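Chains as they are written, first to last, in full-length UniProt numbering: chain A, 1 to 408; chain B, 1 to 408; chain C, 1 to 408; chain D, 1 to 408.
It is worth saying that the hints were derived from the structure and are not from the lab. Model, not experiment: these values are computed from the prediction. Certain hints may be false.
No copy labels: a pair is met if it fits in one copy or bridges any two.
Derived SDA-like pairs: lysine to any residue, alpha-carbon spacing no greater than 25 Å straight-line [said to hold, decoys possible]:
(1) K278 <-> S88
(2) K31 <-> H48
(3) K3 <-> G130
(4) K87 <-> K290
(5) K22 <-> A360
(6) K337 <-> T157
(7) K405 <-> I39
(8) K86 <-> S281
(9) K287 <-> A275
(10) K405 <-> Q183
(11) K26 <-> I41
(12) K142 <-> D340
(13) K284 <-> T54
(14) K376 <-> S5
(15) K142 <-> D40
4 protein chains.
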Amino acid sequence: MSKFSQEIEVSGHLIDSSILTKIFDKIMDLKGEFNVEEIDIGTKKKDHSYARLTITGNNQGHLDEILKTVYREGAVSKVQKEIQLKKSSKDFVMPDNFYSTTNNHTQVFLKGKWISVENMMMDKCIVVKGNKAFCVPVRDVKKGDQIIVGEAGIKITPPERPREGVNVFEFMGSSSSSERPTQHIAKQVADDIYNTKKKGGKIVIVGGPAIVHTGADDSVSELIRSGYIDGVLAGNALAVHDIEYATLGTSLGMNVKDATLAYHGHRNHMDTINAVFKAGSIAKMVKSKKLTKGIMYECVKNNVPFVLAGSIRDDGPLPDVITDVAEAQRQYKKVLKDVDMVIMISTMLHSIATGNMLPASVKVIVVDISQPTVTKLMDRGTWQALGIVSDVGAFLPMVAQQIKKRSK
Amino acid sequence: MSKFSQEIEVSGHLIDSSILTKIFDKIMDLKGEFNVEEIDIGTKKKDHSYARLTITGNNQGHLDEILKTVYREGAVSKVQKEIQLKKSSKDFVMPDNFYSTTNNHTQVFLKGKWISVENMMMDKCIVVKGNKAFCVPVRDVKKGDQIIVGEAGIKITPPERPREGVNVFEFMGSSSSSERPTQHIAKQVADDIYNTKKKGGKIVIVGGPAIVHTGADDSVSELIRSGYIDGVLAGNALAVHDIEYATLGTSLGMNVKDATLAYHGHRNHMDTINAVFKAGSIAKMVKSKKLTKGIMYECVKNNVPFVLAGSIRDDGPLPDVITDVAEAQRQYKKVLKDVDMVIMISTMLHSIATGNMLPASVKVIVVDISQPTVTKLMDRGTWQALGIVSDVGAFLPMVAQQIKKRSK
Amino acid sequence: MSKFSQEIEVSGHLIDSSILTKIFDKIMDLKGEFNVEEIDIGTKKKDHSYARLTITGNNQGHLDEILKTVYREGAVSKVQKEIQLKKSSKDFVMPDNFYSTTNNHTQVFLKGKWISVENMMMDKCIVVKGNKAFCVPVRDVKKGDQIIVGEAGIKITPPERPREGVNVFEFMGSSSSSERPTQHIAKQVADDIYNTKKKGGKIVIVGGPAIVHTGADDSVSELIRSGYIDGVLAGNALAVHDIEYATLGTSLGMNVKDATLAYHGHRNHMDTINAVFKAGSIAKMVKSKKLTKGIMYECVKNNVPFVLAGSIRDDGPLPDVITDVAEAQRQYKKVLKDVDMVIMISTMLHSIATGNMLPASVKVIVVDISQPTVTKLMDRGTWQALGIVSDVGAFLPMVAQQIKKRSK
Amino acid sequence: MSKFSQEIEVSGHLIDSSILTKIFDKIMDLKGEFNVEEIDIGTKKKDHSYARLTITGNNQGHLDEILKTVYREGAVSKVQKEIQLKKSSKDFVMPDNFYSTTNNHTQVFLKGKWISVENMMMDKCIVVKGNKAFCVPVRDVKKGDQIIVGEAGIKITPPERPREGVNVFEFMGSSSSSERPTQHIAKQVADDIYNTKKKGGKIVIVGGPAIVHTGADDSVSELIRSGYIDGVLAGNALAVHDIEYATLGTSLGMNVKDATLAYHGHRNHMDTINAVFKAGSIAKMVKSKKLTKGIMYECVKNNVPFVLAGSIRDDGPLPDVITDVAEAQRQYKKVLKDVDMVIMISTMLHSIATGNMLPASVKVIVVDISQPTVTKLMDRGTWQALGIVSDVGAFLPMVAQQIKKRSK
């Protein structure tokens, strides 16, 4: 064994979840060497496997880089060490060499025990307080926080691919394509929503204004009214268009009922914003019965929390919009706490934002008419997402109809 | 008036159909000069307008080029001249300076009378036989044919934009966007199909295999069975996938009914091709009851003509496929004769081909999930098309359902 | 003349800028009637035209709606009236029936004189202070502000299409397509940038992180260094990626120089954010020589103002990022004051935001690899934009090279 | 061991090429059981691995389906059997249960020896003649041909992922994205072309008309002239546009040199077609010096074979176009014989066609501005392709320039 070698071990569904493949890949990508010291492949499909490898680098730095990388794939050092901590010198500033998180389930070896990191998200640091470890974003780092540095004492468990039970994720595999039987996918998604809810799961919708333009507002409203949705994350545009549609019957100046052009269509958009400012807030519009249907209305009526994050392109924005994006991120995270399923509809901005806040174990469904949008979201780290390339205005009504059938 | 000037006149809905705008544009694009000698704008919206202009070029060649261009926009020379003819010297060869057609309604001044050119298509030549004039593609030019050269004696009438009655074209305007209320567009398209048929119109579908993959096969089959469709233009892929779905229940190896993976999915594709070859043809498969449902089946059963054009990427192709594309073009044209409405679904290749064969007066609806595909078709000359950016597997079932309601 | 009629007049390049066509269209869309009382078409191409129309509605409300609409297209009432004003009752609240602006040059009839509205943007209200009128967004409305209501006393001048001189806008027309000779478009864009600057014009870049990923960072840096750029509007991502590339040589974990994979690529992203927080700001990083090249560096060094607007998906975001989007909008507007040309590169979010703040007379060039993105921006109201569908990483270096040639 | 069990074995880079993962996947997808009897993982990265599994199905049919599937992934039955043959009963008709090929390297056990199947393509059958085996498409099957049926005696070797040496495939991984450093990818592609040629490799271009529209014609012409290209596969459109550009200087009616609009642009397209018909063929145009530059010219001059496949949307098509697609497929295959690298540029139709004819071991590079197009090609079975999402008009000149540098 070379001076610059180290033994690591890894266990789990090494073969069928491709874990071993990825570890071999990473070592070779970084031009390291490896030796398989021991391997024990489960003989049956549900059996766990175990492997022990010696990894060798050209020098200590090289070896360290390889180790860092394979640790992210689930490998652990044969000899466990305690995590190392360093204090933050200044608000918002992490120590050099801070441990940057993945969105996988992560444990840290603290005072001789493995403890799970809470509130797992990707690209954050880990702060240790007493016997607990938390995943914390830069803007929440306070001077003096104890932050994990280096890679010692950290164990990652990549999610295993779903194998049991039939759900839309298993059915579709990981690819996104527009060439799938739409009606059947809609059924599968309906099943998944229905079953998740039946088991007491939490479902959050992330949505863009195309929900309204394409005529899917009623379907989403119904899902909320029927109790399937536990939170709505959006921006100013969804709210404005939803309220314009609910109060004036138009979206982008088109009468949605009979599909004729409204007099002065775009004006309605500005009138809507003014109406909410006059009322003071969306909830007050509902209270004063100026707003009596739609997505925002159902949220207020059914106590479903919604968060509207501001963006630079907003008209207005509405008084309910959180114009400070750092604060909006905090509110998004609150709503996403312990979520089981997230449905992202036609909004790249809010979908990527939400994806960044989710542990990899949360089910994510993305519906968009543009394949590159769907692909981009997955490339940004939310690789567990199921992409559905379809027309929201046709797809969501199908899903809503299917759920209705199941609810009877 | 300069030596290099000529007077032209133009009439029709000059303002609201933008004809005058386009003529002014073209003259300026080519850096010519113009003088408006007389203009008479209809005072009411249905009135026709009239304008007389003097156009001036830098030299005779320049003037001629400008004139050629404005003639295409509907202008005519003040002084009408007879068309000029020249014989084809060789099969497939047109005389230099042959008149290259647009897809607009075209008349030629022959023996002192204006006669309409039959079988109008774009980018072809005009052959005169006796007192008739025909639009003829290169491959049908025979040695000795009398072909129109130059621009004299030709009058074009651009189609006026639809103003009366409500149909989907009026509703949507000319733009294609995915941000429209899908369910309402589906209703409008259903109305248009229903009304066109009620008036005895002829409707042809041009379709690609995504009809089957996305699960819209049943909807199209139903439209054919119910008598709404008078012809199907496609390629090998639609037929193979349709027959695979009808006989084996799969498309691209997925069981469409319960959405599970077929054993050995892709194999089914090749088995289907072999099955048709064994039967000898699609019609024989129907006759021997080996094929009992689907698009191809309904075509055979209901005597709806279909033409399958071969392409270089075909597997097989099926015995029914016309592998010679020049012959396939001739068969397409036969089916398109006197058509009133063409619905193009998820196939750029066959849609552009069909677009090239249609006079601009035919209503064209294009449904595709990709906006660039829809845009490209229009850029290729089929500018009158109405583009719908949606998911075929969700949109066509909506249309079929709406038509069913109307038929009751 | 009916009880519900009114005479309007309009002048300018009525035909070649399609103004008359649009007015006729709008009247017919709204099912009104019109009579052309007088029309005087300029006989030469540079001549202005004049038209006087009587418009008739079914009732006063109908007529008013039609009038509102045609006023937006440049028509004015034959009889001019003073504007009407009403006070804002509350901060952020406009009076009902407030006049909602277009992005066209707008004049208001105030105390018997036409005065131009300053700081023109679309979808805002107009506040009158003394003898001046200002275009003001909702969030800047203060209680007691005098706001224009109704449509009386307002005159709009739609921009005329460019006719003189050769620039890329004239060359390309209004369409966006990927099927254009890329190298020649790059030359035209270079000409336009060079000439705009030579005449003392102001040029602002709006950019997304794809500038860095695709390897165009050096080209943009050079444009700034050479003095062509007067402002950079972006978000957190462009800055982070630019600084990561400048300090660590990677973008998305790929070594840009030799195109190999960095050890621990994504980590670099977080390290970059931490480094800026440690320095305190981008300018301080430049001052302490920790940042010595790239887009942000050149901005600081050359005193080119940059504004980084926060968004919900930001990692960090950097201390320089304005996390309050309402404030970020104000800063964007400052940089955009009196701008002549805006170049938008691979960012829909910031491009739409910027487009909303620009009068229609500003030249806008949009470069993106996705055609739907380009189309969407124009649909959102920035119709004057020139869309170029190309690969930023290949296109911008071409433009930079061409400008360099001209600068010698 | 159950009645419905069978032992299989597999060897090669089982882990790093994911072969074992895929086999486990397939068994589980089909709901079979497996037991790992023996596994020997190479301890070093270049070592081969070996595994022996018992697979169990619910019944013989189930087991057979699972076996069929895993055989495709490289597994072989522990006990080798001779292939089974059956005669074709009729031209174009294969026996039921014919073995349908993959595009992987395939061997058959014939008279006690493993022999390689020649001319490997996907979705075809295998015909045995004497001691040789050939991959044969449906249309080439003759009555009496000995065709392999069932799955016995067939061994597939999936290509291993490239590990050694630096080339663009290794660099990019398998994903296609527009967010890559374009200039570096261009360098890598140039390296690959240059090195392939240096080693005496054969390179074929498959191209669409966007090569000409986007201004990349000169770059492709230069590659041919410099001897890098051994064949050009295209359709009518590329040839017509190339010759229009070469003879009239326009493409789609735009003067490519100075980017102004040609008088009567689209007319040039038809004139070009007529000119080739007058000459009789492209080669005769070159001979008579009517065609003196461009892609087609360089092919003729340098004896580089080109095949133009007809399609239903062709204008003309040119006399050189093979209008029978079955014959065109044969000619394509001839040019593709023993090819090492195929560069597909902006044509989905011809690229998918070519992909279907290639063994998986051929390097394929696809360049297109549309990501869905690139993805679709890979989904259709040409999974080994490297997708580059870029603007052809900017990318190809970069590649050509880089190759020029290397050639000096």
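For each hint, the structure was consulted:
For a Cα distance limit of 25 Å, the shortest separation of K278 from S88 across copies, 11 Å, qualifies, whereas the shortest one inside one copy, 45 Å, does not. Taking identical chains as interchangeable, the C-alpha atoms of K31 and H48 lie at most 25 Å apart only when they sit on different chains, with a minimum of 18 Å there against 28 Å within one chain. In this assembly of identical chains, K3 and G130 lie within 25 Å of each other by CA distance neither inside one copy nor across copies; the values are 36 Å within and 59 Å between. When the C-alpha separation of K87 and K290 is checked against a cutoff of 25 Å, the pair qualifies only between copies, where the shortest distance is 23 Å, while the shortest distance within a copy is 53 Å.
In this homomeric assembly, K22 and A360 come within 25 Å of each other (Cα to Cα) both inside a single copy, at 17 Å, and across copies, at 23 Å. Only within a single protomer do K337 and T157 lie at most 25 Å apart by alpha-carbon distance; the minimum there is 20 Å, versus 48 Å between protomers. With identical chains, the CA atoms of K405 and I39 are never at most 25 Å apart, being 50 Å at best within one copy and 49 Å at best between copies. Taking the shortest alpha-carbon separations for K86 and S281, only the inter-copy value of 23 Å comes in at or below 25 Å, while the best intra-copy value is 45 Å.
Within a single copy, K287 and A275 get their C-alpha atoms as close as 14 Å, which meets the 25 Å cut-off; across copies the closest is 48 Å, which misses it. Taking identical chains as interchangeable, the C-alpha atoms of K405 and Q183 lie at most 25 Å apart whether they share a chain (14 Å) or sit on different chains (20 Å). Both within a single protomer and between protomers do K26 and I41 lie at most 25 Å apart by alpha-carbon distance, with minima of 21 Å and 17 Å respectively. Within a single copy, K142 and D340 get their C-alpha atoms no closer than 30 Å, and across copies no closer than 44 Å, so neither meets the 25 Å cut-off.
Proximity of K284 and T54 under a CA criterion of 25 Å is satisfied in neither setting, with 65 Å inside one chain copy and 45 Å between copies. In this homomeric assembly, K376 and S5 never come within 25 Å of each other (Cα to Cα): the closest approach is 37 Å inside a single copy and 44 Å across copies. For a Cα distance limit of 25 Å, the shortest separation of K142 from D40 qualifies neither inside one copy, at 45 Å, nor across copies, at 51 Å.
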